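Listed in order, the protein sequences are those of chains Y and S.
Using this note's numbering, you'd call the opening residue of the first sequence number 20 and step up by one each time.
Using this note's numbering, you'd call the opening residue of the second sequence number 112 and step up by one each time.
Hints are computed from structural coordinates only; laboratory data are not their basis.
All values derive from a computational prediction rather than experimental measurement.
You may find that some hints are simply not true.
[Stated by the list, open to error] Subject to a maximum C-alpha distance of 27 Å in a straight line, what follows is the list of computed DSS-like cross-link-like pairs (lysine-lysine): (1) S/K214 to S/K227; (2) Y/K324 to S/K194; (3) S/K487 to S/K430; (4) S/K358 to S/K214; (5) S/K194 to S/K273; (6) S/K400 to S/K144; (7) Y/K43 to S/K477; (8) S/K358 to Y/K43; (9) S/K227 to S/K194.
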Amino acid sequence: MRLSLDAVEREIGRLWEEEARRSKAARVELLTLVALVNEPGLFDRAVNVVAQVARVQPSRTMVVVWKDGAAPTITADAALHQPPAGGAPCGDAITIEAIGAAREWLPQNIDRLILSDLPVCLWWVGDLPDFDDLFDRAVLSADLVVVNSGEMDLRDIEKLSSIAGHSRGRYALADLTWIRLRPLQELVARFFDDPGCTRCARSVDRVTIEFSPREGELDVASTQAGLLFGWMAHALSLGAGSVEWRRGPTWGEVTLGKVVARFEHRPRRDVLPGAILRVAIECGGATASPSRFEIERQDDPQVFKWSREVAGAPTPPQTLRVGEHDEAALLIRCLGRPKADPLLEASLAAATRIIRPIAPRLSVSPASR
Amino acid sequence: MTTDNPFRAGLETERTPASCVFVIFGASGDLAKRKLFPALYNLAVSRLLPPGTSILGFATSERSDEQFRAMMREAVAQFSRRKPIDDAVWDDFASRLHYMAGKFEDPANFGRLREKLEELDRRNGTRGNRLYYLAIPPSSFRVVNDNLAAAGLVAAGNDATKYTRIIVEKPFGRDLASGDALNHDLHRVFDERQIFRIDHYLGKETVQNIVALRFGNAIFEPLWNRNHVDHIQITVAEDIGVEGRGKFYEEAGAMRDIVQNHLLQLLMVIAMEPPVAFTADEVRDEKVKVLRALKPIRGEAIDRAVVRAQYAAGSFAGKPVPGYRQEPNVNPASTVETFVGMRMEIDNWRFAGVPIYARAGKRLTKRITEISVHFKHVPHALLAQGGPVEPDVLAIRIQPDEGIGLRFVAKVPGPSMTLRPVTMDFRYGSTFGGSGPEAYERLILDAMLGDPTLFARADEVSAAWQFITPVLERWANSGVHDLPTYPAGTWGPREATDLVERDGRAWRRL
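Let's have the full structure, built from the sequences with the hints guiding it.
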């Protein structure tokens, strides 16, 4: 049933009243989650993801899509999110469709359906265009803006860095790919937790990151690999000086002061495009006792082997499962802490400095391509 | 671990524990199987067990490492909150499990223990870090303690990177004298900062959320005092009986098993003053002040303020169940209480004159742990058509269905000003979804990190016994042969109802 936008609140109220009579369900909502779907083909995926999110974070969700068409109109559907195993509904499920020029009217119409006094999360589904007035206007109502750099090109890291920079505290930027990287960051950090190993972090010589490329990948690194190394470079305060690249068809090597980082394609079908397969860090090469740290994805794509070889600090290797993080799980984790993440912003900035020579942002410096 | 690790800055886990050998005394017992190993496995699944950490089970029965691993796999499969077992994680976890058989009384076994620990240190880089867990009867604490010390297995260190710590399970004694004696025994070998007395209630998310509710919101704290609170009720009710633990229960009773620890912990958290910081000493300083401010109940006042009773035969879930005295391993003439009801008062500026009614027992109507704060009536019954206006109640549900409910009155739609109590409910489960870590996971990790905030301090235990012991002594000397009874499956004896009704109040309907 398509509704006009001014009928949506009434319809939601009616559905809750009906539900209260039936099951005495209490209405609990923690936020408004707005999914702006950049390509109509991603609409069903977005609807499915927000339904999963609402089961964990009861919310009003709005999945918004736009299509070409002559007569500009906006219509909506309204329902309640129902948990699969029955029980009380867990939020309001609104879908909105704008036709033609009505896309321009979306921001104010989304605003009128936002729940009072609760945080607003804006999830941009799909690739982020270089310039999009809709995005710029929609973020004005948001407390948290979620993107997925994994669906973008390497050069878009600079765009994200600039979005984070321009937010000026009005909203926080979150990146699903960054959330996906967190367990790997933990595994890298645990290399150096032991006091006998902490010193090695000051003598890193070489970092190798292997990743599974997208089909026909032209970039030497996936955004995930770039972001991971951006984080490492930030942690180690690298990259303030010169950045020198060498590259081949399926690899790239960047020198930042005394540290060399190598990115390598290693195609693998059972992981998401861009996924990290191996991270190796070598330290103290010039000393008598060099150290080596490695995380490697195993045959089971969710399992990693973690190993550390440091003289005087024996550690048996560990086998660790890094849970399956689908889009919904990542979004739920973003919503759990809807605050600015200074580490993401710093890592984006560091990655931007490193990557710019090989993947300049189109809209900033097209001439340098 | 507080480290200079540059990669830790800004990550969610800013502190990680240093690797250690985790030694469990009583490793084949019920607690180890039901709680400790599932908790350790879950920490491994969550990637929170530090690399190199190994777990050494120490118990009396002979078995090999392999047999021990197989036994623990079965236990984890049965009791872990994560099912089924993840084979990849289990294989890694199992490779860290080791076993040693021996009697705790034999010092030679502790020499062997030292050798084993040193071997594990060499292999895994645990560098002498030890976390001992006493999952054994209190009667064995002393001998284990002394033998650990004699074997040189207790180093003085307790910082983030080099430590020896001990986790002790309740009961922390039987009364003030034995509680203090236990503390004395522990202090002969361990510094207080090395001792972690576990009360798993404090590891429950909902108990920690009482602190969040009180000190993370501006609206409650101004009302949290004698000017606005009429009384407080605390209920720790179990619907099961002694479940084959008759022998243990005959030594404990509801007062020692629940009131002295879990129930008083809840009271401390609900009544403490805001600490200056959420750090171990500041929090525990405020908690112990509550116990010290409890108005002592002595002499004949005990008979008026404390009710004890035993469950008689009744029914549970539609089936007949025996009375306490008919349970296996229970003395047929037992005078051990399975129910305690109490009226307490806190003599301090905030709560003077506010009664606290507490009840704890087995074989009650349902399993529920709840604290309810009952606010005063409105000062003037402006809208009291058709009877007095019900006062507001804030109910904090610890288990099951963890959550917070606020009861207040609202106008019933219609031409007359009729008021009716309504409830605003917040449930952790439906709001945040999923299940959080088990209390033991949180507490074991905290002990590895050296954070004692959620553990009981010696003076806290002592103050709790100081309050309870006069009651226990009066009961022991009463010469009573039969306690009041209540039918299994009810809310306790008539005397418990009287305890509250005497003050013109009633137990909250749960």
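Hints breached by this structure: Numbers 3, 5, 6, 8 and 9, in rising order.
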